[in-house]
Amino acid sequence: MEKSQELLNSVQMARFVARGALRLDAVVPAELNAEGLRVLADDVPPVPYGTPLSTAYPEGTFVRRLLELPQVAGALRSLVGPEPSVDHHFVHTREPHGGNAQALHGDAIIDVRPDAFDVQLMYYPQAVTLEMGGTLSVPGSHLRRTNESDTGRYQNLRGQDRLVCPAGTVVFLHHGIWHGGRRNDSDRLRYMFKIRFNPTVRQQRLWDTSDLHDPQVNAELDTMFPWYEGATGRLERYNRILLWRALTGDDGYDLDHWVTRVSNRPKERAV
Amino acid sequence: MTTDSARQQVLVLYLSDSALDSYVVGWAQYDGTGRTTPTTGDSDEPPYDTGLAALRDGWRLFQAAQLIPPYPGHEYDVSFLKHEFFFERIVDTQALPA
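Line by line, the protein sequences are chains A and B. Counted from 1, the first sequence has number 260 at position 260 by my numbering; the numbering is strictly sequential. Numbers given in my numbering equal positions in the second sequence, counted from 1, plus 271.
Worth flagging that the hints you see were computed from the coordinates, not collected in a lab. Computed from a prediction, not measured in an experiment: that's the story for all the values here. Hints should not be assumed to be uniformly reliable.
Pairwise CB distance ranges (calculated) [said to hold, decoys possible]:
1) G329(B) / E31(A): 55 to 61 Å
2) P215(A) / R327(B): 40 to 46 Å
3) A335(B) / P114(A): 31 to 37 Å
4) H345(B) / G159(A): 21 to 27 Å
5) V201(A) / G329(B): 55 to 61 Å
6) R327(B) / R205(A): 49 to 55 Å
7) P29(A) / G305(B): 44 to 50 Å
8) P58(A) / G305(B): 47 to 53 Å
9) G303(B) / P114(A): 40 to 46 Å
10) V164(A) / F333(B): 21 to 27 Å
11) A335(B) / P58(A): 16 to 22 Å
12) S314(B) / R234(A): 25 to 31 Å
13) L323(B) / G159(A): 53 to 59 Å
Just some of the chain B residues that point at chain A, by a computed CB distance under 8 Å [as the list claims (entries may be wrong)]:
14) R306
15) P309
16) T310
17) T311
18) D313
A short, non-exhaustive set of chain A residues, derived as facing chain B with CB atoms under 10 Å [unchecked claim]:
19) L7
20) A101
21) L136
22) R153
23) Y228
24) E236
Note that CB positions come from ideal geometry on N, CA and C, so glycine has one too.
Next up, chain A with everything else stripped away, as it sits in the complex:
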């Protein structure tokens, strides 16, 4: 898997830390999408939990070539590093005019690791319209400490993302993001292929850090989402700062003094 890769830059990483999601529109070429639809219709054989990526999908297979696309490979490496493990994969389908919307949930179980995260790749081989019930996700929900579908009561949140995308779109999600498949009100069967990756190295400065001090990094980390309560939105930024410190190794990083202020406990006696 050491072929051409387009690493993320620091602004993109900061955006991921703030949003819990990274979207790459139409990065998969049309012929690969056509093949992907056929492959997904037949399902993809499972791989054992924890299989190293380099052995999970044989050379030349559809999934292998999907993951070798330079933008996909580069994003994956930037987020979880070289040779992650494949946790599992699954072909999701939403029947036309069938089924219900999934309750808003986080995958697996509550996962509060402060300095590591899994990513879930979601691949959409066909264009997804609003009517087709693309994945619902909630930007900036990934640091919330909630367990699986305990959030099911929340039907809609301001600023939620109801995915509408061109064919060949790939989205990477932080493991904690609140999401769910929406009801498919169209006449078309909708496919989504998901792979969860576990890092096998420390997730620190794995991306192209040449723009680490770009002012846009702070702007991304400072993003408030419309569904945040005002007070809790401040805590979101506090927690993002801690995650950015872990990812950059810069224990002094701060944004508007949020962490520094409440950590200040001087020990020097006054003279």
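Dock chain B against the given chain A, drawing on the hints supplied.
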């Protein structure tokens, strides 16, 4: 309206702070009449801008989230939405159009 024909509609609003007249950040609806089937991700626009606007439109508040201090050691954690308000409206199904 008779007991047999009365049905409850429930509106849940999540507000930006603990005041009922603060801004709506999230919402959910459940319809005991069965005439509508609100569900996850079905709208990007809230039914009301504030909790007070729902009152003015006839919804009756029947539950509000308590204000609970953070557990020691978890003051900076983020989790569920804090400011949850439940409203109801009782509908006479016999009076609804067929």
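Hints, one by one, checked against the model:
no.: 1; hint: G329(B) / E31(A): 55 to 61 Å; verdict: holds, 57 Å
no.: 2; hint: P215(A) / R327(B): 40 to 46 Å; verdict: holds, 44 Å
no.: 3; hint: A335(B) / P114(A): 31 to 37 Å; verdict: holds, 33 Å
no.: 4; hint: H345(B) / G159(A): 21 to 27 Å; verdict: holds, 26 Å
no.: 5; hint: V201(A) / G329(B): 55 to 61 Å; verdict: holds, 58 Å
no.: 6; hint: R327(B) / R205(A): 49 to 55 Å; verdict: holds, 54 Å
no.: 7; hint: P29(A) / G305(B): 44 to 50 Å; verdict: holds, 47 Å
no.: 8; hint: P58(A) / G305(B): 47 to 53 Å; verdict: holds, 51 Å
no.: 9; hint: G303(B) / P114(A): 40 to 46 Å; verdict: holds, 43 Å
no.: 10; hint: V164(A) / F333(B): 21 to 27 Å; verdict: violated, 37 Å
no.: 11; hint: A335(B) / P58(A): 16 to 22 Å; verdict: violated, 57 Å
no.: 12; hint: S314(B) / R234(A): 25 to 31 Å; verdict: holds, 28 Å
no.: 13; hint: L323(B) / G159(A): 53 to 59 Å; verdict: violated, 22 Å
no.: 14; hint: R306; verdict: violated, 17 Å
no.: 15; hint: P309; verdict: holds, 6 Å
no.: 16; hint: T310; verdict: holds, 4 Å
no.: 17; hint: T311; verdict: holds, 4 Å
no.: 18; hint: D313; verdict: holds, 7 Å
no.: 19; hint: L7; verdict: violated, 29 Å
no.: 20; hint: A101; verdict: holds, 4 Å
no.: 21; hint: L136; verdict: holds, 4 Å
no.: 22; hint: R153; verdict: holds, 6 Å
no.: 23; hint: Y228; verdict: holds, 7 Å
no.: 24; hint: E236; verdict: holds, 6 Å
When each numbered hint is compared with the structure, violations occur for hints 10, 11, 13, 14, 19.
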